[in-house]
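All chains should be modelled from the sequences, with the hints used to inform the complete structure.
Protein chains in written order, with this note's numbering: chain A, 236 to 731; chain B, 659 to 772; chain C, 985 to 1124.
These are computed hints drawn from the structure, not numbers from a lab. Hints may contain errors.
To be verified - If you only want the chain C side, here are some residues facing chain A, beta carbon under 7 Å, derived:
hint : residue
1    : GLN991
2    : ALA993
3    : GLU1051
4    : THR1077
What the hints assert, rightly or not - Mimicking DSS-like on lysine-lysine, the simulated pairs with C-alpha atoms at most 30 Å apart in a straight line are:
hint : chain 1 : residue 1 : chain 2 : residue 2
5    : A       : LYS582    : A       : LYS386
6    : B       : LYS768    : A       : LYS657
7    : B       : LYS768    : A       : LYS386
8    : A       : LYS724    : C       : LYS1071
9    : C       : LYS1071   : A       : LYS728
10   : A       : LYS657    : A       : LYS674
11   : A       : LYS416    : A       : LYS728
12   : A       : LYS386    : B       : LYS685
13   : B       : LYS685    : A       : LYS582
14   : B       : LYS768    : A       : LYS590
15   : A       : LYS665    : A       : LYS679
Positions of the beta carbon are idealized from the N, C-alpha and C atoms, including for glycine.
This is what each chain is made of:
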Amino acid sequence: MSLIAFPILFPFILIIILLIFRSDRLSRWFGPIGTGLLAMLSVYLLVLVREHGVIALQMGGWEAPFGITLVIDYFSALMLVVSSIITFVVAIYALYFLTARIRLNRFFIFFFGLIMGMNGSFITGDVFNLFVWFEVMLMSSFVLITLGRTKDQLEGGIKYLALNLIGSLFLLAGVGLLYGKTGTLNMAHLAQILTTDDQAILMNTSAVLFFVAFGIKAAVFPLYFWLPASYHTPDVTITSLFAGLLTKVGVYTFFRFFTLFFVHDPQFWHQLILVIAGFTMVAGGMAAAAHYETRRILSYHIISQIGYMIMGLGIFTPLAVAGAIFFTLHNMLAKTNTFLVSGMINKVRGTYLLKNIGGLYKEYPLMAILFIIPAFALAGVPPVSGFFAKFILIKAGIENGNYGITAVAVLTGLLTLYSMLKIWNEAFLKVQPHNEFEKNTIQKLSFMEYLPSVILGAASILMGVFAYYVFDFTMEAANQLLDTELYIKTVLKGYQ
Amino acid sequence: MEIVLAIVVGVLYTVSVYLMLRRSILKFIIGLIFMSNATNLLVFLSAGLVPGSPGFIKPEGVAAETMADPLPQALVLTAIVIGLGIVVFTLALKYKFFELTGTDDLDQLKQTDS
Amino acid sequence: MNSIILQIAARYLKWILIVFAVLALLRGHNHPGGGFIGGLMAGLAIVYRSFAYNAFQIKEELKDRPERYIALGLSVILLSFVPSLIKNATLMTGLWFTIPLPFNEELKLGTPFLFDIGVFFTVIGVTLMFVFSLTQKSQP
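Written out as structure tokens, the structure reads:
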């Protein structure tokens, strides 16, 4: 069962190896192979979860609630699998698209630091431990975002850092108040205490602090301003890594906290979450429609899509939560893919500004196909994964009588479609305008340069075609999230 | 004693918010340090104060009721270490930024907004 | 800064500080002290010289050392996990064993101590990295 700790330990080992052998030639191999092994490990953990339900490891032999517990349930296993696929793909992508100025070795050290923090946040069962993993993740991402050392990156880095640090401090304050009131930080123990306590309403002070903290990390409506200010500055490899993973960790913690133990005041919290989800969708969608730079459009898009995930939490029926998990998984794949394609466009044309480019469909038909798959997925066109995700969410919304948010979700779908079509029309269909970007910087992209996007596109399509099976998994995950008994029993097995 | 420390926490938060709203990046960072310290103090206070009692005792030592809760102390230690790393990184970032642009004015940071 | 007094003093202070750092590390398990504090002290001992001389010079002397310290520290931390894996206990379980010494003394060693040593070296590396990144001008 020590295997549970390996999603954290394995990146840690790789960091040490990369620190000892500081050669870029070796790092080329360590990146993809390490993340590939990690992906296999995650799949195996998912199989284990399928067999046993919830698996837990009491670190250091200290039984919960006194020690730190690592827990993997369906939701965290699914997140592990999808995020490790994304990191694998980005590791390959980095070999070909990372600016030559950034040393691969340096990049991969912090890349694995990010993975370590992220996996830690997915599998920890302790609130303070979660804070520590968040910090590991954020520190790595701070370094990654400023790796290129340009003026824009440093400026974006300051904004990113400032708001995220305030978020972290909110999280820490929330941990302090939580401990002061309950005397425990183990999530399962907290759930046990708070669901039976009749004064649990007092937990709202901590819950608000956590809400703000996770809201900043997940970039929901009034707290998202760091994201569009910083995500378009770093190298596109790093942006695509962040786009797929960072905000989703915030969403994951939202789900974990507000299904496991902050369930004392559902009327208020679910209403608040629904309102915020609506605003997030609309604000992100509108801003995306207004921009003409691919990375900025896609950055605002991230925000818009976060709204859908949070919406599932706000509706809070098993179907809605399953839909939200489905949406999160699909979004991680598709979102990263769009960023990868925008990096390819930049590589052949040398710019991200849509006004300056065009005619790519004629020159690079394969790139056009690779773009249209995640674009359709994001917009929700049937054969690909996004349609089912949105369909489940909207069905759940209508069944539960949340007509307002459902209408907003449907309308935001149009905004998404509009901004995707904008990129499609401007970059691929329009005739290339006569300017300095007319001449390609390189003539042809090699197969390996296409490969990352192909993998993610195939994953999106498979997720759409086999939506039935994926939905089974997410439904199982949703049931586990809403029915916390198994989770609590597995973690606190010796302590009642 | 707890009420005094609670007020101190409040004052520290006030100071930090005031400093963060200034235009200078350096003052912002100082505000961040204040906020981090205020939060650490808050976490430390969360278990209540038990003056004069140790967090760790010998096996034959005092009864558990008179013992201070060691967990928040451990948490604060971790938080301080993390805070140290973050503050240094922020300072290094500010330094690099200053070298590149020669400005310490947050209002000049409008390049990446849209 | 170029003070001859500080330069001479730093040379001796370095070793005194390192001795105290190791002392803090060793008593760390049951008394105030430990890997982090010891590491900070040892790191500062090395940094002292960069105050007295010039940060560039020290960086030249050390040649990439901060990363090496961190790598060493992290590998020692990793090493401290291995016994618990071999003995099939849960990960990070503290395992202790005693080595009998002459004069009826015994030395107690364990994986938490190994962990502390790892933290010690990591913190030295991190401290050096912090100071170097703040004191040196970045290459254009």
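Hints and how they fare:
Interface restraint check for GLN991/C: the shortest CB-CB distance to chain A comes to about 32 Å, outside 7 Å, so the restraint is violated. A distance limit of 7 Å between C-beta atoms decides the matter here; for ALA993/C the minimum to chain A is near 33 Å, and the interface restraint is violated. A least Cβ separation of about 6 Å between GLU1051/C and chain A falls short of the 7 Å threshold, and the interface hint therefore holds. Evaluation of the THR1077/C hint against chain A yields a held restraint, the C-beta minimum of about 4 Å falling below 7 Å.
For the proposed pair LYS582/A and LYS386/A, the alpha carbon gap of about 21 Å is at most 30 Å, so the pair holds. For the proposed pair LYS768/B and LYS657/A, the alpha carbon gap of about 26 Å is at most 30 Å, so the pair holds. Our distance criterion of 30 Å between C-alpha atoms is met by LYS768/B and LYS386/A, whose separation comes to about 12 Å. For the proposed pair LYS724/A and LYS1071/C, the alpha carbon gap of about 27 Å is at most 30 Å, so the pair holds.
Proximity of LYS1071/C to LYS728/A is assessed by CA-CA distance (about 23 Å); at most 30 Å being required, the pair is judged to hold. Between the alpha carbons of LYS657/A and LYS674/A the distance comes to roughly 22 Å, so the proposed pair stays at or under 30 Å and holds. A C-alpha spacing of about 23 Å is found between LYS416/A and LYS728/A, which places the hinted pair at or below 30 Å, so the restraint holds. Taking the CA atoms of LYS386/A and LYS685/B, the gap is near 21 Å; set against the 30 Å cutoff, the hint holds.
The suggested pairing of LYS685/B with LYS582/A is violated, with an alpha-carbon distance near 40 Å, which exceeds 30 Å. A threshold of 30 Å between alpha carbons decides the hint, and for LYS768/B with LYS590/A the separation of about 22 Å falls inside it, so the pair holds. This hinted pair checks out: LYS665/A and LYS679/A have alpha carbons roughly 20 Å apart, not beyond 30 Å.
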